[in-house]
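Chemist: Chain order of the listed sequences is A and B. With the numbering used here, letter number 58 in the first sequence gets 58, and the count goes up by one each step, no holes. With the numbering used here, letter number 54 in the second sequence gets 54, and the count goes up by one each step, no holes.
Because the hints were derived from the structure by calculation, they are not lab data. Worth double-checking, as some hints may not be accurate.
Stated by the list, open to error - Below, computed lysine-lysine pairings styled on DSSO-like, alpha-carbon distance capped at 30 angstroms: (1) K258/A to K12/B; (2) K70/A to K246/B; (3) K168/A to K45/A; (4) K106/A to K24/A; (5) K106/A to K132/A; (6) K118/B to K98/A; (7) K258/A to K114/A; (8) K246/B to K121/B; (9) K207/A to K24/A.
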Amino acid sequence: MYEEPYRWVEAVGNRRQYLDEQFKQGSPVVALTYDGGILLTTVSKGTPKLYEIYDRLALGGMGHPTDLEKLRFSLLEMAHVEGFNRSPSDVTGSRLIKYGIAPVIKQAFEEVYKAPFIVRILVAELGQKPEKDALLTINYDGTFEEVTGHAVLAATTAIQGKMLTYLKEQQQATLSLEQALNLALRVWAIGSMAQQQDEADQQAEAKPAASGSGSSSAATPSSNALIEHVRGLASERTIECALLERQAPGTSKYRPLKQSDLSRLLPAALQSVVAN
Amino acid sequence: MGMQGDFYQLLKEQGYTLGSSGQAGTGHVLTNATTILAFKYRDGVLVAGDRRATAGNMVMYDRTDKVLEIDRHSVMAIAGVPATAYEMVRVLEHSFKYYRRTQLQELSFDGKLRAVSKLLKENVPAALAGTGAVVPVFAGYDLEQGSAKIYFYDILGAEFEGVEYAVSGSGSPTIRGILHYLNTWGEQPLNALPEEQAMVQALRLLTSAAEFDSATGGVNREASLYPVIKLISGAGVQTVPDATLKPLYESQVVRYV
Numbered sequence: 001m002y003e004e005p006y007r008w009v010e011a012v013g014n015r016r017q018y019l020d021e022q023f024k025q026g027s028p029v030v031a032l033t034y035d036g037g038i039l040l041t042t043v044s045k046g047t048p049k050l051y052e053i054y055d056r057l058a059l060g061g062m063g064h065p066t067d068l069e070k071l072r073f074s075l076l077e078m079a080h081v082e083g084f085n086r087s088p089s090d091v092t093g094s095r096l097i098k099y100g101i102a103p104v105i106k107q108a109f110e111e112v113y114k115a116p117f118i119v120r121i122l123v124a125e126l127g128q129k130p131e132k133d134a135l136l137t138i139n140y141d142g143t144f145e146e147v148t149g150h151a152v153l154a155a156t157t158a159i160q161g162k163m164l165t166y167l168k169e170q171q172q173a174t175l176s177l178e179q180a181l182n183l184a185l186r187v188w189a190i191g192s193m194a195q196q197q198d199e200a201d202q203q204a205e206a207k208p209a210a211s212g213s214g215s216s217s218a219a220t221p222s223s224n225a226l227i228e229h230v231r232g233l234a235s236e237r238t239i240e241c242a243l244l245e246r247q248a249p250g251t252s253k254y255r256p257l258k259q260s261d262l263s264r265l266l267p268a269a270l271q272s273v274v275a276n
Numbered sequence: 001m002g003m004q005g006d007f008y009q010l011l012k013e014q015g016y017t018l019g020s021s022g023q024a025g026t027g028h029v030l031t032n033a034t035t036i037l038a039f040k041y042r043d044g045v046l047v048a049g050d051r052r053a054t055a056g057n058m059v060m061y062d063r064t065d066k067v068l069e070i071d072r073h074s075v076m077a078i079a080g081v082p083a084t085a086y087e088m089v090r091v092l093e094h095s096f097k098y099y100r101r102t103q104l105q106e107l108s109f110d111g112k113l114r115a116v117s118k119l120l121k122e123n124v125p126a127a128l129a130g131t132g133a134v135v136p137v138f139a140g141y142d143l144e145q146g147s148a149k150i151y152f153y154d155i156l157g158a159e160f161e162g163v164e165y166a167v168s169g170s171g172s173p174t175i176r177g178i179l180h181y182l183n184t185w186g187e188q189p190l191n192a193l194p195e196e197q198a199m200v201q202a203l204r205l206l207t208s209a210a211e212f213d214s215a216t217g218g219v220n221r222e223a224s225l226y227p228v229i230k231l232i233s234g235a236g237v238q239t240v241p242d243a244t245l246k247p248l249y250e251s252q253v254v255r256y257v
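Given the sequences, and given the hints that come with them, work out the whole structure.
Modeler: Shown next as structure tokens:
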């Protein structure tokens, strides 16, 4: 029945709706450049969401863990085979995304008889020079985007927009790692709060007696409130941070931050959460 | 689907073969014109190699690096056909990285050793044909056990543990005896030597090898060419800079008569 063009468009539309539902509970991902490289941050539940892909490539993801694993493996495979057959400097994020996984994701999305990938992916690439640092994001339908400076993943594009607006307001010319971590967590909190708000709004809509639906708060919460939000969730989740460090010794520049690093670098209000 | 996290398997599935298979029994075995050595010292293991590459009686190159870092905690020193040896190092380097990144844990030290002997076994036809023999020394720091380890191989891939030291290459017979003597009757056993003393011994050993083996480069002070020396401890691999070797060589290796 999907042979008819109209039905197919309808099916793809339904699929979009179904997929959007899947990300509601997900944890946003924030990537920022700082003076020493690139920082990736999320606050994950259960499965880790930040991974090393190649010497200068890191991955952050949202969505179904198994789908994420599948794509992570194909990225790893492509990157290592290319790095071996040509050279490590020929392994670039944009080639892996554009010619590697984007076509696969798009095809899975549009083949309405088959299951799509429930993922949003962010790939951070540390350039040889700071101005070559790149951040790539790819959506479940195969749409990709390449940006510099900062990038986020969140449940909806509206929420991603909110996070980016906040980032632009707060962004300074150069950030130390500590400042970047603080900012990244606040941006994460903006995303997480907006996701909670969306869900609350939806539940309110479901009840007919609820008051006006335009209740999404206009004012930006204060820094303290944002950190407090992270603190509230951090007891049952893990603050996950990974770096691509330009000055790291050897060829692999990826380094996940350990608890001992975090308890030193995190904002004071959060240090106690990591310590235990 | 094969074994998960096995990069070499992945390469083979894509049609890769290591080196040329060669025609068995056609050739004379090429000599392994070089000297490499490894011994345990106080803080870990020292691996050193001269820098000369030869073809017959020709010196091809005087700045070869035969002590190659495979990852943060392991090093392979190579004697034998360089083309094959460098390719092996490339395969190993990518294999260990691939394993770590896919499996989210380091490959165990035993796993690394297994990978080395697997490659050498694959290379047996080329080794026997005389076109690709490689006789490496693999040394590293086993983080799980907190100890330094040295292994050496024959061209067929058999693996032997060098409890205190291991040598390979054409200059090795000369220094093997010296190492035994030093370790048994020296002022202190090799594994008690502090870092600086270990470096001095390595320089002296390579100079001795160069004295009796024309294929070993030794030290060329005029061109400031010093051997490659790497130290591996719990903190990782560290390459000793020439600036450190120069004063040690001048004060403790050269004898002015």
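Chemist: Each hint should be assessed against the structure and marked as holding or not.
Modeler: Each hint, compared with the structure:
1. K258/A to K12/B: With a Cα-Cα distance of about 36 angstroms, the restraint between K258/A and K12/B is violated, given a limit of 30 angstroms.
2. K70/A to K246/B: violated, 52 angstroms
3. K168/A to K45/A: Cα-Cα ~27 angstroms, so holds.
4. K106/A to K24/A: The hint holds at about 21 angstroms.
5. K106/A to K132/A: Within the cut-off at roughly 27 angstroms; holds.
6. K118/B to K98/A: violated, 36 angstroms
7. K258/A to K114/A: Cα-Cα ~39 angstroms, so violated.
8. K246/B to K121/B: violated, 39 angstroms
9. K207/A to K24/A: Given that 30 angstroms is the threshold and the Cα spacing comes to 20 angstroms, the pair holds.
Consistency with the previously given hints fails for numbers 1, 2, 6, 7 and 8, ordered from lowest to highest.
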